[in-house]
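S.K.: We have chain A already, so just place chain B on it with the hints.
Heads up: the protein sequence lines correspond to chains A and B, in order. Per my numbering, residue 1 is the first one in the first sequence, and the count goes up by one each step. Per my numbering, residue 1001 is the first one in the second sequence, and the count goes up by one each step.
Calculated directly from the structure, the hints in this document are not laboratory data. Here the structure is a predicted model, which means the values were calculated and not measured. Where hints are given, some of them may not hold.
Chain B is nowhere near these chain A residues, computed Cβ spacing over 12 Å in every case [unchecked claim]:
| # | residue |
| --- | --- |
| 1 | M73 |
| 2 | L193 |
| 3 | I302 |
| 4 | I311 |
| 5 | I347 |
| 6 | S426 |
| 7 | L427 |
Covered by chain A, per the in silico footprint, the following chain B stretches (three or more residues, Cβ under 8 Å) [as the list claims (entries may be wrong)]:
| # | region |
| --- | --- |
| 8 | 1044 to 1054 |
| 9 | 1084 to 1097 |
Every residue gets a Cβ at the ideal spot worked out from N, C-alpha and C, and that includes glycine.
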Amino acid sequence: MRIAINSAALAKLSISTIILGPICLGVFATLLNAFGQNPFIEPNPIWYDPTVSFLRTPGLSKAITVTLFTGIMSTVLSVILALSFCAFFIHGKHRSRALFFITPILAAPHAAIAIGLTFLIAPSGWLFRVIGLFFDFRNPPDFFTINDPLGLSLILGLVVKELPFLIFVIASSLTQIPIRRHVCEARALGYDLTISWLKVIVPQIWPLIRLPIFVVLAYSLSNVDMAIVLGPKNPPVLSVMLLRMFVSPDISLMMQASAGALVQLLIVLTVFVCFYFSERTVKIIGKAWICRGCRHSCFSDITLWLARFSIFVLLVAWVSMLLLVLWSFAWHWQWPAVFPQEISTKIWTRSSLGSISLVYNSLLLACAAATFAIVLTIWWCQTEKRERKRSPSLIPTTLCIPLFVPQLAFLFGLNVFFIKTGMNGSLLAVIWAHLMYVFPYVFIVLTNPWHSLEPRIIKSASALGAGPLKQLFIIKIPILLPLIFSAIAIGMAVSIAQFLPTLFMGEGRLSTLTTEALALSSGSDRRVLGVLASLQALIPWIVYLMAYFIPLFIFRNRRGLSGAV
Amino acid sequence: MGLVLKKITIKSQEGKLLIRALSLKVSNGEIYSVMGPSGVGKSTLLDAIAGNLSDMFILSGTVELDGVDISFLPSERRRIGLLYQDAVLFPHLSVGQNLAFGLKIKNQNRFNSKKIVDKALWQAGLEGLYDRDPETLSGGQKSRAALMRTLLSEPRALLLDEPFSNLDLDTREEMRTFIFGLIAERNIPVLMVTHDADDALAARGPTHVLQPN
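Chain A with its partners taken away, still in its complex shape (with noise of 0.2 Å):
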């Protein structure tokens, strides 16, 4: 019997399960815990007790109300102001400058950011010491503008990261409708600038940005990164709970640990049901408004109000970066100086030698990842394209699933099965597990223009005897190359953030310049996280401008083909 074997499913099978086998895998292995079956743990004998355990946790329900409300407002408020800042600042002359002014907070890790805000608001950070000028502060205040109880500063550190990412993925989208044509036309029935950009550009926009939002909401509420650096701290919010149960001595934790995960997970999916029903009840308003011939209102006064606000919180993350550095190369700066008593590099030079392996480790997992990414990516694309078949629109949704999954609820379950498998630890573990985060941004960036290529290209360079193999090496690669840069470069920026994943995967014996700055991240020396949260930022910027200027070097003779980051 022959079985002939279609190249296409081949493919889509074997990506599917390198993307999404570790997390079914994970989330079982992760159920099993929470029903108390470990297999290197004595079998709970009452399924239900680990649960029982973790509800009882002291704090608990006060650990859950902090995180819906940190991961809801941070969300809202950034769809609001990235929205608002995109009806004034992102077409027309402004866009080139917008997106330059947003880019290296996009390039950032979330740590580098959350660290950064720290030297900025925390009681003895730097907006106190300029304040002190007026109020003569003697001692730093003694003010929660850090770890408050209520989330404040985190929801702000989410807000900061999240808005650049918001409103680069809103001018993606803008491209995609007639933009110009639409304002005028709406402007000439009478409706102000502002008026037009909520009735007539935010519906048409709203469909593509959808995704990025609930990946937003997902992260909001289950990240660990900025939460531990910005987050309550007693009780801290539900994933930094559960980070500290895993991470415990007392192995009987991770149980109940496990059982808070699929919590959390369930917590997660409620946050997203509830929000898909009120984006149905505001779209219901929303048309009634439109159509209700209103042609100002206070909507315009708030929205300028809102752009000019997001301007502010941009800033707020350029000062944070900005001390980042400043704080590595401060050799003295005592309270209440603004700026350093004594600048000096001896900083950068001690901590170079701890730093060269850190560095390496980060670069390490973010090429390898990056490149297996690539390397999916295009055989998937390859394959599709020689099927003639465009990707069903529900696939990169699910190959996206790993932005919506909560990292807790699967790496822990991951790494029982890698236990049983012996590749706990390894660093083919760590690659995996980042593959799950880099490929879905690399695949996003590289399908479209990939099937968007000129099909005459293709045809003509068969018609002169070039093969398949031949057709993608010496056709396609090339002339996709800028955009291949780009993908490495956002895929790797990607990579070198993560923590949990390294964290767990790890099993603490590969650090990271991400794993050190946070470990460092409560009451360690400034001047040292300054240097490494500086080159966990610097990295990335580094590596996007490098996939800027390769390409157009190599290409320089070159007008079609230029750099596309």
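M.R.: Same frame as chain A, but now just chain B:
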């Protein structure tokens, strides 16, 4: 009274002259045709009158409507309707909602708004299409819907940007009769940009030919 352009000059930021000192007067109820080859600046002129001129251009001269200088008013306060060649209907709204979007009366209640829009749809021969997706309409239907939306906003002047160029010959004739008929009822000044002499003839108004600079 009507729409008056006084010494309108449009230059690109690089200094390239597009339109030099154009003056013309469009009286109420009159359809004034502006013709000229592609790239001469016809659509840019309409953008300038409507207040939508891109930052890439520099405008001098004045635009007066009913004796009032509106040159410095933002687009939405000029009350000048715009109709493009490919009838820009908002794709996220149904045909009826597109028309309701143009309704001038503030804070319409839903019942009144529906009644007015239904009447407009009937006038445009689009009855029963309130809930239709605009993408499913034919070219002629789209143009009629776009015109009705503009007229529901009660403009004080109307600018037509090659309104018939995307239509086939039969539909074009039908649309000319429809649009010019409705405009005549409103008694407002209309400036039409076209490269088709038949359109200008059918408008039965004065014609100005823009020359390349």
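S.K.: Take a quick look at L427 (chain A) and tell me if its Cβ sits farther than 12 Å from every Cβ on chain B, holds or violated.
M.R.: About 49 Å separates L427 (chain A) from the closest Cβ of chain B, which puts it past 12 Å; holds.
S.K.: M73 (chain A) clear of chain B by more than 12 Å, beta carbon to beta carbon?
M.R.: Holds, because the least Cβ-Cβ distance between M73 (chain A) and chain B comes to about 28 Å, which exceeds 12 Å.
S.K.: Decide, holds or violated, for the assertion that all CB atoms of chain B are farther than 12 Å from the CB of I347 (chain A).
M.R.: Per Cβ check, I347 (chain A) is outside 12 Å of chain B; nearest 46 Å; holds.
S.K.: With d taken as the least Cβ-Cβ distance between L193 (chain A) and chain B, does d exceed 12 Å?
M.R.: 7 Å, violated
S.K.: Just want to verify: S426 (chain A) was marked as not at the interface with chain B; is every Cβ pair farther apart than 12 Å?
M.R.: Its Cβ never comes within 12 Å of chain B, the nearest being 50 Å, so this holds.
S.K.: Beyond 12 Å on every Cβ pair: is that true for I302 (chain A) relative to chain B?
M.R.: Non-interface label on I302 (chain A) holds, nearest chain B Cβ at 18 Å vs cutoff 12 Å.
S.K.: Is the Cβ of I311 (chain A) farther than 12 Å from every Cβ of chain B?
M.R.: The claim holds: I311 (chain A) sits with its nearest Cβ about 20 Å from chain B, beyond 12 Å.
S.K.: Within the assertion that chain A covers the region 1044 to 1054 of chain B, do at least three residues meet a Cβ-to-Cβ distance smaller than 8 Å?
M.R.: holds (count 5)
S.K.: How does the region 1084 to 1097 of chain B fare against chain A when you require at least three residues with a CB closer than 8 Å, holds or violated?
M.R.: holds (count 7)
In summary, the one numbered hint that this structure violates is 2.
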